[in-house]
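Since the structure of chain A is already known, use the hints to place chain B on it.
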Amino acid sequence: MIALQKRPTPSRALSLATPLIAVLITMIAGGLLFAALGENPFEAIRTIFWDPVFGEFAFYYRPQLLVKAAPLVLIAIGLSLGFKAGIWNIGAEGQYIMGAICGAAVGLAFYPTESRLIFPLMIVAGAMGGWAWGMIPAILKTRFGTNEILVSLMLVYVAEQFLASMSLGLLRNPEGMGFPGSRNFSDYPAANSWINEAAGLHWGMAFAFIAVIFAYVLLNRHILGFNIRLTGDSPHAARFAGVNPTRLILFCLGTSGALAGLAGLFEVSGPSGQINIDFASGYGFTAIIVAFLGRLHPVGILLAALLMALTYVGGDLAQGNLGLPSAAIQVFQGMLLFFLLALDLLTNYRVVLKKRGAA
Amino acid sequence: MTTPLLSIKGLTKAYPGVVANDDVSFDIGPSEVHALLGENGAGKSTLVKMIYGLVKPDSGQMVWQGKAFTPSDPKTARASGVAMVFQHFSLFDALKVSENVALGMENPPPMRDLARQIRRVSETYGLPLDPNRTVGDLSAGERQRVEIIRCLLQDPKLLIMDEPTSVLTPQEVDILFKTLNKLRAEGTSILYISHKLEEIRKLCDHATILRLGKNVGECVPAETSARDMAEMMVGDTLQTPTRSTEKAGDVVLDVSGLTLEPTNPFGTTLKNVHFTVRAGEILGIGGVAGNGQDELLAALSGESLTWPDAVKVKGQDVANLGPNARRERGILAAPEERLGHAAAPDMTLTENALLTGAIREGLTNRGFVNWTAANNFAKSIIEKFDVRTPGTHVAARALSGGNLQKFVIGREVLQRPEVLVVNQPTWGVDAAAAAAIRQSLLDLAAEGAAIVVISQDLDELMEISDRFGALNEGRLSDIRPAAGLTVDEIGLMMGGAHGMEVASVGDQKQEGASA
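Just so you know, the protein sequences line up as chains A and B, in that order.
So the mapping is simple: our numbering equals the position in the first sequence, first residue as 1, plus 861.
So the mapping is simple: our numbering equals the position in the second sequence, first residue as 1, plus 50.
Excised from the complex, chain A in its bound form (with noise of 0.2 Å):
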């Protein structure tokens, strides 16, 4: 019989390591898969980590890095403080949806004006959005005892409907000959989020690093960042140390939608443009990738989206260059995930064999 024994304490250089050791044996695996697929192994891992950095049209890829690392930071950002806690916010894609559908709504409502102040307007409702969809699972969790990993989960398929019906009802572009998809901001310059098009930079990238600062200094300067990491330590202390797990829930699972919320409304004024029935592409749910794999810390995260991001572009490039399916590229991010939870495990745990029957 195999059995999991408590390390009494594992190992901080070795946790540190984790990440790049799952990074390294994904590497392997994927390459394992790619073969299976009959590519060869060391071509594609190439081209998936190499080639966007460091190869040949690396000035039209290092662009996309930034654009993809974006939106993953900020909702990987809020996710943590959450996770930290131990209030498991799966959601954040449906949070990310109603953060885009709420700030472009608020932008198309007053389209074309060429005010100032359209664009923070935007922001404001675009995390609004989030945080309302994010109070959902909080408030039905602090009320009625649900659980908010079911919730937030299940939130995500009511948002991508609620997408679908928007961009083919109230917010469809009138202009649009009846295709689904509301107007394009690109057309919208005083609603737009690009800073510097051509260099990847929008203001969602600004915002994530306000906002990996922001946890930092709220997780290791702030009393709220140290009751979050002691309610995830050890929730009765906590209540002895007078934490109002109430509020706690509320503050994490509304900071993590508001910044989601955020996250969706750069992403649907910028990289795509447009409230659409395929705009939801998955950051809610590979932040999640991201947040562990930075071991939910504010500097790791940044790091791990933009390895995350990397995968992305590689996985495209992979696709257009080598006819990889693109589901081979979701299955290598899982490995990811897989190989790192894998060895968190084995630095917290060491792998026993019993004897059948040894009580």
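A couple of the hints might just be wrong.
Below, a list of computed lysine-lysine pairs in the DSS-like style, where the Cα atoms sit at most 27 Å apart [stated by the list, open to error]:
1. K106/B - K867/A
2. K99/B - K867/A
3. K867/A - K207/B
4. K264/B - K207/B
Have a look at the derived ranges for each label pair, beta carbon to beta carbon [stated by the list, open to error]:
5. E523/B - N1008/A: 32 to 38 Å
6. F418/B - S1026/A: 44 to 50 Å
7. F418/B - L865/A: 36 to 42 Å
8. K59/B - A864/A: 28 to 34 Å
9. G1143/A - A144/B: 38 to 44 Å
10. F418/B - N1182/A: 47 to 53 Å
11. L145/B - A1025/A: 47 to 53 Å
12. S1026/A - F316/B: 47 to 53 Å
13. L145/B - L885/A: 29 to 35 Å
14. L1011/A - K59/B: 57 to 63 Å
15. L1011/A - G307/B: 56 to 62 Å
16. D73/B - L1011/A: 28 to 34 Å
Since the hints were made in silico from the structure, they are not lab data.
In this text the structure is predicted, and so the values were computed from the model without any measurement.
Backbone N, C-alpha and C fix where the C-beta goes; we use that ideal spot for every residue, glycine too.
For chain B alone, coordinates are given in the frame of chain A:
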């Protein structure tokens, strides 16, 4: 000379950093009640775990009825006839007594037969127990009976009991001893672990005394004075806490009509609890574990809110204030469970100092933590309370129980409380540290604080409290001056024998039942 039932020769077991048992040898004869005496951390538990097959010795050997005995796991130990009643019960609250018993047996008989066997054993040995009751509803004493009966059903030759009386009232202890004497008369040997000397003098035929993992002496308890045994156990003369002159001031803490539903489904409801504590006074609250101690602490610390006016401090109603608002008013508490309640296991001592010290020590400024100040506070606790640790960066879980307890108590005492509530302040703490903790409580009272000490250690309560009351099933007895209380009176305040009966030595009853 008869062959000993179990002979232990030179057992040694080392853990990283500590030698738990160092060349320990002794014999347990047939039909003998053998005491294993020692302070917390003396190596008693490790030793019995080796006998029970839970731990493998590094060297040395055991001989069971003349044959080498090397149990690889508890199953082999049980097959040889060793049974053990643990200090911490391994029972499932949500299951019935009979189901719990069946779970601990190798080949449990069908439920109906098992229930009959449980009834038979419980009648024979004076341990009444209904096999159909849910364990979650049982008192601590009754839970212990479940464990004992589970052992007795296996017909053990050697019964190991680890601190069995820590959860019993004095009356229940008497009855347990009658049961054990009956077992001895029937030929069962008992290895009895305790640090309570009077009990051992009353019950045991022979005692082996452990100190720091070594066998430091053997004696016949009935012929040795408690003081001599204590000094062998501690290796030093004990310093008893000293009390300065008492001067009770005004009433500081006033609890009246406190009724509280537990948050945990198997908790105890507090029923109409009344008491007052004056400045400079220590109120001791005794009682068997699980009779409302945790709930009382929660109601006083602010973790559980109560009806208006149930808890008043200096005439002000605080019943509706949370822990931090109470801390602002000088009401501090130290819960029983050190890891996971009083302290966060994976956090450093600095962070744990911040945990309750943030408010009164001014460790935050507009919500921002002053880590230097928090670290200094942690350092001063470590210094003034002699906490043995490499530094403030160490995680709470890395400290030994006694050191962490000193840290937890010190953290509250140093915040100059006006009301301090502690639950089990010296549980699992070695004698020297326990004395230091008690002294600090007495000093704090001398400075004018009102102190409530909740404890299951009656000796401790008698030593430091001015007045004494006991919790029994969520009710608090009348509060009486501690000086002059007899053990019998205390036992009755704790609820007497909780429905136990003396072992029925008359066998007619048993025959009548089986006829």
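Evaluated hints:
1. Of the supplied pair hints, the one linking K106/B and K867/A holds, its CA atoms being roughly 19 Å apart against a limit of 27 Å.
2. Our distance criterion of 27 Å between C-alpha atoms is met by K99/B and K867/A, whose separation comes to about 20 Å.
3. For the proposed pair K867/A and K207/B, the alpha carbon gap of about 34 Å is over 27 Å, so the pair is violated.
4. Under the criterion of a C-alpha separation no larger than 27 Å, the hint pairing K264/B with K207/B is consistent with the structure, at around 26 Å.
5. A hinted range of 32 to 38 Å for the beta carbons of E523/B and N1008/A is consistent with their spacing of about 35 Å.
6. Between F418/B and S1026/A the C-beta distance comes to about 45 Å, which sits within the given range of 44 to 50 Å.
7. The given range of 36 to 42 Å is respected by F418/B and L865/A, whose C-beta atoms sit roughly 40 Å from each other.
8. Between K59/B and A864/A, the C-beta spacing of about 32 Å keeps the proposed range 28 to 34 Å intact.
9. In this structure the supplied range 38 to 44 Å holds for G1143/A paired with A144/B, their Cβ-Cβ distance being about 41 Å.
10. Distance hint check for F418/B and N1182/A: the Cβ-Cβ separation is about 51 Å, which falls inside the suggested range of 47 to 53 Å.
11. About 50 Å separates the C-beta atoms of L145/B and A1025/A, a value consistent with the hinted range of 47 to 53 Å.
12. At about 49 Å, the beta-carbon gap between S1026/A and F316/B stays in the expected band of 47 to 53 Å.
13. Distance hint for L145/B and L885/A: a CB-CB separation of about 47 Å, inconsistent with the stated range 29 to 35 Å.
14. For L1011/A and K59/B, the Cβ-Cβ distance of about 59 Å falls inside the hinted range of 57 to 63 Å, so the restraint holds.
15. Between L1011/A and G307/B, the C-beta spacing of about 42 Å breaks the proposed range 56 to 62 Å.
16. The given range of 28 to 34 Å is broken by D73/B and L1011/A, whose C-beta atoms sit roughly 58 Å from each other.
Violation of the numbered hints given earlier is confined to hints 3, 13, 15 and 16; the remaining hints are satisfied by the structure.
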